[in-house]
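Please arrange chain B on chain A, whose structure you already have, making use of the hints.
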Amino acid sequence: MSTMDAEPYGPRHYALAAAGLLIAGLYLFPVYWMYASSLKASFELNATKPTLLPQAPTFAAYAWIFVRENVGRYMTNSVIIASAVTALTLLLATGAAYSLSRFRTLWMDAVLVGIMVSQVLPPALLATPMFVIFKQLSLVNTQIAVILATATKTLPFAVIMLRTTFAQIPTELEEAARVDGCNRVSAFLRVSLPLARAGYVVVGTLVFLQAYGEFVYPVSLVNRNELQPATVGLYGFVGADYSDWGNAMAFASVIVTPVVLIFVALQRRIISGLTAGALK
Amino acid sequence: MSKALPNYGSSRPVSRPLEGALDRLFDSRNVWSVTVAATALYLLFFVGYPILYNVIMSFQEVSVSNVGRLDRPWVGFANYQRLIGDPLFPLVVKNTIVFVSLSVILQCACGLALALFFQQRFPGSGALRGVILAGWILPPLVVGAIWKWLLASDNGVFNYALQSIGLISGPVYWLSDPSSSLLAVTLANVWFGVPFNMILLAAGLSGIPREIYEAAMIDGAGPFRRFTAMTLPMLRPTLYALVALSTIYTMRSFDVIWTMTHGGPIDSSNVFPIWSYKLSFDIFDFAGGAAASTMMLIVVFFVALIYVRSVRAEARA
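Here the protein sequences line up with chains A and B, keeping their order. Under this note's numbering, the first residue of the first sequence is numbered 1, with each subsequent residue one higher. Under this note's numbering, the first residue of the second sequence is numbered 1, with each subsequent residue one higher.
Chain A with its partners taken away, still in its complex shape (with noise of 0.2 Å):
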């Protein structure tokens, strides 16, 4: 059998295919249902009998949303936020990363198991302190909240992964630079970072969708709607009883096909980066 690499693939590895193809379809099915049930008129929503396409595919739920409930507005909140969250979270992380994955001292491997722990505590526990804190800094109603807030959570994270990706590149590399008159800073930013490239893209996908994502700290800090990301937006749509499923799997999927797009985009990349992070 461990011959097997180098054969044509046969009729049982088409039939393993088949069943890959399957399970992997099941187990999209709530995304798809998410697509499908926005493009449905209501009379096909509340008919006891649910079609699996769409039999008169509209986008009036789309209309309605970007019109009545402002997701557009939403949005661009959600993409301020995220994007400011990964530039902070990128800038703070990158010295620490580096220095984390270069200098071993005591006290490096105390902040080390600090920023790990710090990792896991629930932004839920954190909302009541953080809203004090923000009020103490007249920062509450203010989107620099969230972004500070949100930062936490994805700073640790970023921190963890890129001093992974450091570590991989050889330090031979940065000495030789050294050898050429470059200084430590110099050797870093001519010779290092470059070469971390492929790292930065991966844990700064991550970060943006994390932020992105997030929704504790901005229905916690903030209660002027139109300072809110799309994840309150929704919230506000389905969190109580609601029953017009056509309207809110449209907003959901504008919040999700961005994400998808990115994903798509990114993927080999996300997964080898992640395995490479999450465990090293």
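I should point out that these hints are in silico values taken from the structure, not numbers from a laboratory. None of these values were measured; they are calculated from a predicted model. Using N, Cα and C, we set each Cβ at its ideal position, and we do this for glycine too. It cannot be assumed that every hint is accurate.
Stretches of chain A that chain B covers, calculated by requiring three or more beta carbons in the stretch to come under 8 Å of a beta carbon on chain B [to be verified]:
(1) 13 to 27
(2) 40 to 52
(3) 57 to 66
(4) 83 to 96
(5) 127 to 135
(6) 183 to 190
In the EDC-like style, the derived pairs of lysine to aspartate or glutamate whose C-alpha atoms are separated by at most 20 Å in a straight line are [what the hints assert, rightly or not]:
(7) A/Lys49 <-> A/Asp244
(8) A/Lys135 <-> B/Asp285
(9) B/Lys94 <-> B/Asp267
(10) A/Lys49 <-> B/Asp154
(11) B/Lys94 <-> B/Asp177
(12) A/Lys135 <-> B/Asp219
(13) A/Lys135 <-> B/Asp71
Chain B only, in chain A's frame:
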């Protein structure tokens, strides 16, 4: 030769003293210590301080009027006693244990099954496994919204599917029936977490050398025996790290439950993060919310220590 010799970098510090000083500064480790300190200070201020604040608040009497000041009356363990004496306490503890343990076990088992399946050689195996990861990358609030619709009692596709294959005779009120709501939110959470488990277990599996399987097959070990005697033991470090990590992630999950059931009906799907948040933000019992979250913090902290230890052990191996 009138032309000057090319100017190599080594001559710079002599000709320009300021640049030389900067060069020495940028060549010392101090500059890196500053970057670590900046990150550490950020986390201390925005994570460490809130935690400390939370712990302090849990020993005080807190009202809406004094929530922003630290000079509040101290009440010792009164908030904790009040919570533990609350009839909700045993229910929330039970719900949390059921939700976390079921989620972790099912996510890990399904993740392992999928990782093993997609490890086989067939066309598109890697791509299909990758596609499944899409579920994990969705915002948790959206996952909650989708599952709320899938499990809706009127016109929900889940009820329709179960009825058409004859498993149930009438619609089940998954989210509004106290006997099924916890199961329903657990199901959604398992769906959400399976891809992460699958991807990490697949990485663990790929680290097992194929030669040992070949040797075992020559010795006549069947698939079951190869799995229990070789795959599982060699996956152990990955499994430890993964179980710790999914326990932590599940213990902090909030959005999915909050969207689907709000912890209800009649607290049947209420778990610690929901309880703590509701105490603070729904009924403004900030001290109770702080005490609930501090209790949870202690548990999460111990799980996190196990995780850190297992990751460090693996990094050394």
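Hints, verified against the model:
1. 13 to 27: holds (count 10)
2. 40 to 52: holds (count 6)
3. 57 to 66: It is violated, with 0 qualifying residues against the three required.
4. 83 to 96: holds (count 5)
5. 127 to 135: holds (count 7)
6. 183 to 190: holds (count 4)
7. A/Lys49 <-> A/Asp244: Holds, at roughly 17 Å.
8. A/Lys135 <-> B/Asp285: Holds. A/Lys135 to B/Asp285 sits at ~18 Å (cutoff 20 Å).
9. B/Lys94 <-> B/Asp267: This hinted pair holds, its Cα atoms lying about 11 Å apart.
10. A/Lys49 <-> B/Asp154: holds (11 Å)
11. B/Lys94 <-> B/Asp177: holds (17 Å)
12. A/Lys135 <-> B/Asp219: violated (69 Å)
13. A/Lys135 <-> B/Asp71: Holds, at about 16 Å.
Against the hints set out earlier in the document, violations occur for numbers 3, 12.
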